[in-house]
Structures are given as C-alpha cells and as structure tokens.
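Engineer: Sequence:
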Amino acid sequence: MPVLEPSPLALRAGTRRRAAPDRVPDLQARGTPKHLREELVALLGPEKVLGRISDLVRYASDASPYRFVPQVVVVAEDVDDVSAIFSYANGKGREVVFRAAGTSLNGQAQGEDILVDVRRHWAGVEVLDGGARARIRPGTTVVRANAALAPHGRVLGPDPASAIACTLGGVVANNASGMTAGTTRNSYRTLASLTFVLPSGTIVDTADPAADGELARAEPRLCAGLMGLKSEIEADPELTARIRAKYAIKNTNGYRLDAFLDGATPVEILRGLMVGSEGTFGFISELVFDTLPLDREVATALLFFPSLPAAAAAVPRFNDAGALAVELMDGNTLRASVSVPGVPADWAELPRETAALLVEFRAPDKTALAAYEEAAARVLAELELVAPVASVDNAFTRDARTIGGYWKARRAFVTAVGGSRPSGTTLITEDFAVPPARLAEACAELLELQARHGFDAAVAGHAAHGNLHFLLAFDAADPADVERYAAFMDEFCKLTVERFDGSLKAEHATGRNLAPFLELEWGPKATELMWRTKEVIDPDGVLAPRIVLDRDPQAHLRGLKTIPTVEPVADPCIECGFCEPTCPSHDLTTTPRQRIVLRREMMRQADGSPVEASLLASYGYDAVDTCAGDSTCRLDCPVGIDTGALMRRFRHERHSPREERIAALAAEHFRAVEASARLAVAAGRRVGDRLLESATGLARKAVRPDLVPEWLPEIPGAAPRRLPRTHRPAAVAVYYPACVNRIFGSTAEAEAHGGHEGHGGPSLPEAVVALSARAGRPVWIPDDVAGTCCATIWHSKGYERGTEVMANRIVAAAWGWTAGGRLPLVVDASSCTLGIAREVVPYLTDENRELHAELTVVDSLVWAADELLPRLDVRRRVGSAVVHPTCSMRHLGDVEELTRLAGACAEEVVVPRDAGCCAFAGDRGMLHPELTASATAREAAEVTARHFDAHLSANRMCEIGMDRATGRTYRSALLELERATRP
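If you count the sequence shown from 1, position 253 lands on 285 in the working numbering, and the numbers rise without skipping.
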C-alpha cells in the first residue's frame, strides 16, 4: 500500500447511527455470491461482471421511490451478450432486468437478481433518408438523438421532460411521451421498426420482410399463441371496443392490447407489444423512428390563473386554437421552481392557489405563426388572468431565451419540487389521464383528495392531453406514513377509474406502484389476457417479474426506500439521474447520483457494519478520487446539487494535518513553486518522456497515485521566462496570464522543444497582447503576477487553508492592479476566470469580499469576441475547425464566444455532439489518466473520424487532455485569431 494512502475511515459519518430497516444486510457485504459471479465471469468475461457490494448498491436505486439490490450487475456489450444472459437465466431459473438511464419513476429499472446495464455500450444515431428516419441504439439519450436530427430540420415525436438523461430504449419500453406527443406522436405511433431479442434468444428485426417466416420456424409456439390471442380479442366486440376506447386518451398501464388489433402477423403484433412492455417481453437492441418536422417558429406564453381549476378550464380553448403544447403548473410547482436558474425570484411569493398554463404554438414559417398568435389573442381576450407578482406579464413571446426559461422551469417539475421536500422523505410521482374535457373537474377532485389525506402535493401536467402529474412526499420509515400513502392510493385509483374512466398511468408505464391496480382499470378479462400474453412470450418468467403484472395487492408497498439524511449539499437529491450523462466518470467508476446513493447506504448502516466497511473501502477511488470536480452536474441538476463540491469536501476530510500544512506552505511560497515547476517542465523535455514516465510511475506506487502526477508525453515545453512587455498608462484592461500559461508553453513552444506538430507563432500571452494592441484595446500585464494564482489548484483538491491563502492574495492583488475595479481583469484560462470570479468568494475575508465585489473579471474569450473581434480584420481563414468547450465555459456561459471566435478563423466550425468535460481538471488527468481517457472517448471518436485544420479551446490543461485523447494538437482560439488577423 502507498505510504500516504488515506484511511477509508476518514469518510465515516461522525454521528452514531442505528441500522435502518431497509439497509443492505451484513451477509451481502461481500457482494455477488461466489458461484454466481464465477459462472457469469466464465460466460462473459470478468470486465463485464460487477459484483462488489458498492456496485450492487449504486445500481439499486433509480428515480422511483423503490430500492431493490440486485445479486449481480452485468454490463452487456452486444446482442451476443444479451442472448448468453438469457440462455443462462433460462437454464438456471434466474430473473433478468434491464437498466439504461435509470430515470424510470416506478421502479422499472430495478431487479432483485441479474441486472443488465444496457447504457454504456449502446449509444449511437444514424440519420436516414435526409432525416425522415433515424436508426438509434437504445442507450442514446433523447437530447443526443434530436441533436443529430436538428441539422435536418427533424425531431423525434416523444419529448419527455427527462430527455437530457433518459434513453430511447427506455422511452420505447415505457411508451414515454412528454409535453407534445399526446397519443399521435408517441413511440407506438412513430416507431417504424425495431430489433429485439426474445427471452429464448431469438433475434427479430421487424423491418426484415422475411421476419415472420423466420420467427415461425424458430418460435412456432409463440406465433400460434399470439395469433390465438388475436382471434380471441377480435371475436369479442365489447372487448375490442373497450381496448380502442382505452387508447383514445393517453394510457401506458398494462400491455398494449391494441397491438393485437393493429398487427396482422406475429411480428407486427410483437412490434406493438414491445412498446410499453417495460422490459418484460425482450431486449430492444435497435430502433428506427419516423421523425417529425422541427417547426422552428415558436410563440410561447406563461399565463397565470387564480386557481388550478380555472387554468384547467382554459385548456380546451387553446387546444382549439391549435396549440401544440399546453402545460399546467400549480402554485407549489411554481414556487419550488425558483431553485432553477433563470426563474424569477418573485415566484416564491406567488399565492398557494395560483396556477399557470405554459402555452406554445409552433409553425414552419412566420406567416403561419402569426395566424396562431391571432387565434391565441382571441382566447386571451376572453380569459380572466392574474398577475400576482411583478415578473408576470401574461403575454406571448418569440424570444428564445425567455421561452427556454419557461420550459426549464416546467421540465424541472419532479426534481425541483422533489428537491424542496422535507429532509428524509421519499418522493412518489404519479401520473394519470382523464378525457381532456373533464380536466378541470379532475383537478378539483384531486386537490380535495390530497387535502383529505394530509398531502400538500404539487401538480403539473400535459393539460392539452388531459394528463396530470402530482408528487407526494412521505416517510417510508414510518409505518403510519406508509399507511397514509396506501389509503390515498386506494382512493385515488378508484376515483380515476370509477369517476372519470381514466388511465392510472398515462406515460410513466405501470411499474411497481400501479401493478396491483391493473385489474381495477382494465377489468378481469383484459387483465387475464395480459397475463396470458406474458406466458406466451416469456413462458419461464425470466424477464422483469412483478414490474407490470403482480397479483399481490400490497406490491406497491414493498421495497419503498428510506431516504437517510446526508450532507446538506446532497440531501435534496431525488436520485433522478439527470446529472449522469454529463459526468466525466460515468463510464469509469460512479456518477453523481451513485455517489449520493452510496453515501445514503452508509447512513442506513449501523456504525462499523461489514457493509459500511466495504462501501468505505471502495468509495475513496470510485467516488472521491475519480470525480473531476468540474461541477457540471450542478448545471444539469434541476435543484443545483453540486456533487463536485461534496467530493472536494471529502478530499479535505481525507487530508492529514501535515498535508494541509504543506499545501498552505505551497500557497504562501507559490512564487518559488511556480518557478520550480517551470524549470522542471523545461528539464523534463530535455530528459525525455520514457525516463520520466518510469520515474513518476515508481513514485506514484510508493507515495500515492492521487498525490503524484504521471508524466505524459503530451506535456508541452516550458513557457518563456519573461512575459511580454506592456505599458500601463494606455491600457484599457489588466491582463492576467494564468499560472498554467506562465509554466507551460503553447504549441509554438512545444514545437520548439521537439514536441507536437503545430502552427508556429507567439506564446498565448504574446498573442493576447498583440491582438489587443492590434484592435486598439491595449492591455497591461502587472509586473508582480508571479506567485499569484486563481486558487483552483488548492480548491479542487480540498486544501482549504491553501485556498484561503491564495484566494485572498489574488483578490487583493487584482483590486490593486485594476485601480480598485475601474479596469476589467482579463484572464486567459477559462477555469481560472471561473475561479477568480466565483469560486474564491467563500474563502475571502470580509474586507476582501468587499474588494471582490468591485472587480470585473472577464474571460479572454469574451474579451476577444466582444472587444477585439469587431475591431480586427480577418486576413486568412482555415477551412475547418473543431472546438472543445470546457466545463468552465459552460459555467461562465462562454461557449458561444468560443464558437464565434472559431467562426472568424475558419470556414466551418464544428462543436462535437458528444463534447463534454475532458476530466483533465488541472492535473487530475495526470493523477488518473484513465479518467480523461474514459471521459473523452466519445468526443475523441467524433473528432478523429474526419480531418480538421484547427483544434481549438481556451484552457491549456484541457488542451493537453484533448491532445492525449485525440492525437491532435489543440490550442487556444486566441492563438488562431492572432494568426488569422496578423498583418
């Protein structure tokens, strides 16, 4: 063991805990049973079988209120793996559940035996027929698929609120629809074909003309059973009429019995049955969608009403006017959404009874949109709207930013409201549908029912389609609270079915919490047909038992998860998974959600339990060390949870007092540290990569990998010893070259020291000075920048005292350099801009916090795009450029400036669709090179698939990381701009 390896016990919670009733029992501390693990490893290989208890726990939770710990997790790479798993399960009498994004709200992504991860290796989009169709792999998110279709003016029909995270396999398996899909644009209606693996291992491609013949030869019993059920249904006019009536409104409860009416052959019937089957009939390995026009002309309004029923009553009028989307939000939802960035703060003061409609019209051109706006104006004239707070204007707008803010608030319904629930409570999300004409009546009944059972619930929904969602929070550890929830569910289900003949699940699929109520909605005859359909397709009951069909009337109360209180920054998490796609480590170790899930399981355990010890032993590397700390999870989390901040706190807790003192000394004497680092880099280029790789490798083993960086061949040579000369009197801004650009050279210096190929030219500081002078906006570099830093070096590693030292030093210096804030401070590395502008603030003294408030910190991208580019003449351009937006740019909102600068330098600019954080994170990519390799894999594949004349970014360490990932030479966009405008 390395001599400075921290004790896992450093992360044990400080308070004494009693074991929770739903804790993982001590007997499971060793993870997957030995025989099961050995058999699956022999079948699939060790890298595809995850069996540690930490693996099982992190996969045990999804966005639902349930938690079931699997016996083993298998990461399937292809259909051969899936077929092998099916064969094994059938032969051994085991059960299989598939999991992709884990955004399901009813426990569909949880299993108690073999859980199969079908996200990691299952992403990809192929645009067909000019965008008219798209072939999509099941692990692809809706957002990613639509990004590929957007250049063709097309879009998918399903548009769930979780589009940023949910995958198309799950969307089809649950027939999820969303804001605009209704009953005509959902998966059942827009899916052209699909390929799936049956429980027997038979693979069916419904687009293959020979599919029925091949299926008949391979599965004669299955084909006969399906056709028999079809004949039985069609011979019953009453049942046929009932089935058609059930799908006149949104309905995902139970199996799609209309597939027997719509399909003429076994393959056609299976194509329909697979939609909404929730993984109980087979594995969907490929999808082909018919896409829809992406109408780009949009007018949207957020209209406020005095009550929920009043808002619901207005819905039919907007439907008649041609609105594509009419979304309903009650007062609780509106008030909770103030946690979403961009939402007006005064919404927190909205009266409880207030409600709003988000109404949107879309059209292919401005003329058609104007006609819709006229129709909307006529409706508005007849409504009695309210404006309870100053930000409300009750008007339609075409402004994209405003419209985006409205939708961001609406899509955050579950997470924003759930994030504001009382600590320690479990969140239940229900959705149902009634005939749209009865929506107002249903709203009134729902409010009364909630009040009677003591729930202050939040309500929102796709009002245009009569589809409402509501949230309930209760304590799953309190039997009385569970009984209250059970009583509510009994009454709610009876009300929906008996009063409104509605759907108990409109778009979230049956799942575990509605399975016991399936017969209440469908009746005994139709429900028994569903059981028989399951037996025909999956006779051994291998796939996802108890998720759609369950005869236990109390099944929805089994497996409810407690929510132990954890650190305040993470406590609001509802485990929705929105954070996962953006997380750099999501394919390597853990995701932000999983880091929190593991922490909660530690809190369920008694002090010193074997399970707690096992979790702590793996948490250091899996959660803390391999977190890039980029905090992009906060940007995609609707309640702004910053798991990166939590991991930095844990890094601090693992430090010894000696480590903290050394880090503080490094900050205090950073001038000497900086000079030494530059000399070491210069010497390193002379010594050679192989010797340094060997030396650092030995040191990492002896000391600790998280403390000693690995030498990488992509590390450039040293920066020039002297910064360019500048003059203060004429300067319009102060230029602060970041320490990374004072230590490491640009591609020009790297080339001079025998490094990468690249354009010759100035260093980055020289380029910034030259560009600013060329544009008539000269800058000044202070003489005493050496020894200062943005403090990110210490902040990212959790060295609090070192962060305090440097944060206060840089702010005091910057205040003096800028003449008390009268000049802007231009910073040439995006992470350093973020550090000085925002991240240093919590570490400042009161006096320096006041000084900081007077500073204007400007990223060099913004400086160049706004101040320099309009004053420069572009004299030469390259043909193409690909850009790498850094995570700091996302935090700062500077991505547009990067693409604007690149657009001035290149005829074609490409932002990779899979661009994300490179996870180099200062030196983390040198401490854990495997993290950067995993984080950049998809972006690198996209970049290297074709030639680009320039590879641009705006952060030296990120450029090194992308150099390593792609084998291409990345450099600052300002260097390319200097070349493009050079006389």
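For the record, the hints were derived by calculation from the structure and aren't laboratory data.
Among these hints, one or two may not hold up.
[Unchecked claim] No farther apart than 20 Å at their CA atoms in a straight line, the calculated lysine to aspartate or glutamate pairs in the EDC-like style are these:
#, residue 1, residue 2
1, Lys398, Asp327
2, Lys80, Asp113
3, Lys557, Asp268
4, Lys557, Asp513
Engineer: Against this structure, judge whether each hint is valid.
Structural biologist: Right, here's what the structure says about each hint:
1. Lys398 x Asp327: Given pair Lys398, Asp327 holds - Cα atoms ~10 Å apart, limit 20 Å.
2. Lys80 x Asp113: holds, 9 Å
3. Lys557 x Asp268: Within the cut-off at roughly 11 Å; holds.
4. Lys557 x Asp513: violated, 34 Å
Checked against the numbered hints given earlier, this structure breaks only hint 4.
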